[in-house]
Amino acid sequence: METDGPPPRLTPMQVWRRVKDLLKITESGAKRIDGFGEWHNWTKRSIFWDLPYWKHNLLRHNLDVMHTKKSFFDNIFNIVMNVVCKTKDDDKARKDLALYCRRRDLELKAQTGRW
Amino acid sequence: MLFYDNDTGKKDASLLQCKFCHKPKYHPINVARRKKKPIPVKSMFYLPLIPRLQRLFASMQIAPHMTWHHEKRREGRLCHPSDGEAWKHFDRKHPTYAADPRNVRLGLCSDGFNPYIQASSLPYSCWPVIVTPYNLPFELCMSKPYMFLTCLIPRPSNPKACIDVFLEPLIDDLKKLWSGLLTYDISKRQNFIMRSNLMWTINDFPAYGMLSSWGTHGKLACPHCMEHHKSFTLNYGRKTCWFDSHRRFLPI
Numbered sequence: 010m011e012t013d014g015p016p017p018r019l020t021p022m023q024v025w026r027r028v029k030d031l032l033k034i035t036e037s038g039a040k041r042i043d044g045f046g047e048w049h050n051w052t053k054r055s056i057f058w059d060l061p062y063w064k065h066n067l068l069r070h071n072l073d074v075m076h077t078k079k080s081f082f083d084n085i086f087n088i089v090m091n092v093v094c095k096t097k098d099d100d101k102a103r104k105d106l107a108l109y110c111r112r113r114d115l116e117l118k119a120q121t122g123r124w
Numbered sequence: 028m029l030f031y032d033n034d035t036g037k038k039d040a041s042l043l044q045c046k047f048c049h050k051p052k053y054h055p056i057n058v059a060r061r062k063k064k065p066i067p068v069k070s071m072f073y074l075p076l077i078p079r080l081q082r083l084f085a086s087m088q089i090a091p092h093m094t095w096h097h098e099k100r101r102e103g104r105l106c107h108p109s110d111g112e113a114w115k116h117f118d119r120k121h122p123t124y125a126a127d128p129r130n131v132r133l134g135l136c137s138d139g140f141n142p143y144i145q146a147s148s149l150p151y152s153c154w155p156v157i158v159t160p161y162n163l164p165f166e167l168c169m170s171k172p173y174m175f176l177t178c179l180i181p182r183p184s185n186p187k188a189c190i191d192v193f194l195e196p197l198i199d200d201l202k203k204l205w206s207g208l209l210t211y212d213i214s215k216r217q218n219f220i221m222r223s224n225l226m227w228t229i230n231d232f233p234a235y236g237m238l239s240s241w242g243t244h245g246k247l248a249c250p251h252c253m254e255h256h257k258s259f260t261l262n263y264g265r266k267t268c269w270f271d272s273h274r275r276f277l278p279i
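Line by line, the protein sequences are chains A and U.
Adding 9 to a residue's 1-based position in the first sequence gives its number in my numbering.
Adding 27 to a residue's 1-based position in the second sequence gives its number in my numbering.
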């Protein structure tokens, strides 16, 4: 079970200190930044940081309800209702389950070849 | 890059090649053959935002509502973005800006969509960028007449991180709006300096990566956890997984 606390919440100024040295797309063209995908995922300095008040905004980017709620619901609903071709409850998921969970009754039984 | 001039010293409209990749601005065959105007390789639409914001104050029906977020006190209830902490934090940081409730707070939304879904099977992704004012009461806020389509980015493929290039005219207008523009308010029958700020952007997860510049793919996809992530790749599913990571945000 996960017992660690949540990751630190960065203030807008802390984020600004991280991105201020990155290059903007409009100044440099699309270039890959060193260490991308290894210790950071920055692709550029977003053009919104050009706005003088952007570093005082607490919530800079939001995810909208339609996309999060509907996709979330669809995925769970398709698994629970066992929708053909949409369910994620397949053999791969059952094999992974054996590695990360203690749910013996849900694991894939090898000898019969059936769930 | 975008071939356009702005008021702050950018003079790119007359260039014929991209400054970074040196690709031509116009279709090369057409430049030699055609006597008429050459055809650009790619073009976007920008529908100016400033006149539409000023027009809100020119209408007797809308102008009185533009101060609604300040006048109607809703103690202890959350029913409008102005009740939220982000809005109050911004007001504390910019007291002179918050002093005039007529200043327009804006939100920005963007998402890709395919206008020809029935006509063609080719993937085509068109990106409208919509700006909406938050000053209005909640029954008018974010309703159809008050959603301003500002940029329309037509292209066959997703703009990815290069969406910034197309947002440049909008950002220039937003900078102008932050410094203030003379506007006539018909409900009070006086001129005033209208200022405006962008509160936040709203979009889905892939667009989040494009606008916030933190890529939302791979093991570092979570823009909140950043490098403190606890993701791993599933052995059989071959997908990145954040199993049990939600527990970190819950009390033990």
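Note that these hints are calculated values from the structure, not bench results.
Here the structure is a predicted model, which means the values were calculated and not measured.
All C-beta atoms, glycine included, are put in the ideal place defined by N, C-alpha and C.
Check each hint, because a few of them may be wrong.
Said to hold, decoys possible - Simulated coverage check for chain A against chain U, where a stretch passes if three residues somewhere in it have a Cβ under 8 Å from a Cβ of chain U:
1) 11-21
2) 24-35
3) 38-46
4) 50-56
5) 59-66
6) 84-90
Cross-check of the supplied hints:
With 9 residues bearing a CB less than 8 Å from a CB of chain U, the segment 11-21 of chain A meets the requirement of three and the coverage assertion stands. For a cut-off of 8 Å, the count of residues in the segment 24-35 of chain A with a CB near a CB of chain U stands at 5, and the three-residue condition holds. A stretch counts as covered by a chain when three or more of its residues have a beta carbon under 8 Å from one of that chain; for the segment 38-46 of chain A and chain U the count is 4, and the coverage holds. Counting residues of the segment 50-56 of chain A whose beta carbon lies closer than 8 Å to any beta carbon of chain U gives 7, which reaches the threshold of three, so the coverage claim holds.
For a cut-off of 8 Å, the count of residues in the segment 59-66 of chain A with a CB near a CB of chain U stands at 7, and the three-residue condition holds. Look at the segment 84-90 of chain A against chain U: 0 of its residues bring a Cβ nearer than 8 Å to a Cβ of that chain, fewer than three, so the hint is violated.
Comparing the model with each earlier hint shows a violation of hint 6 alone; every other hint is respected.
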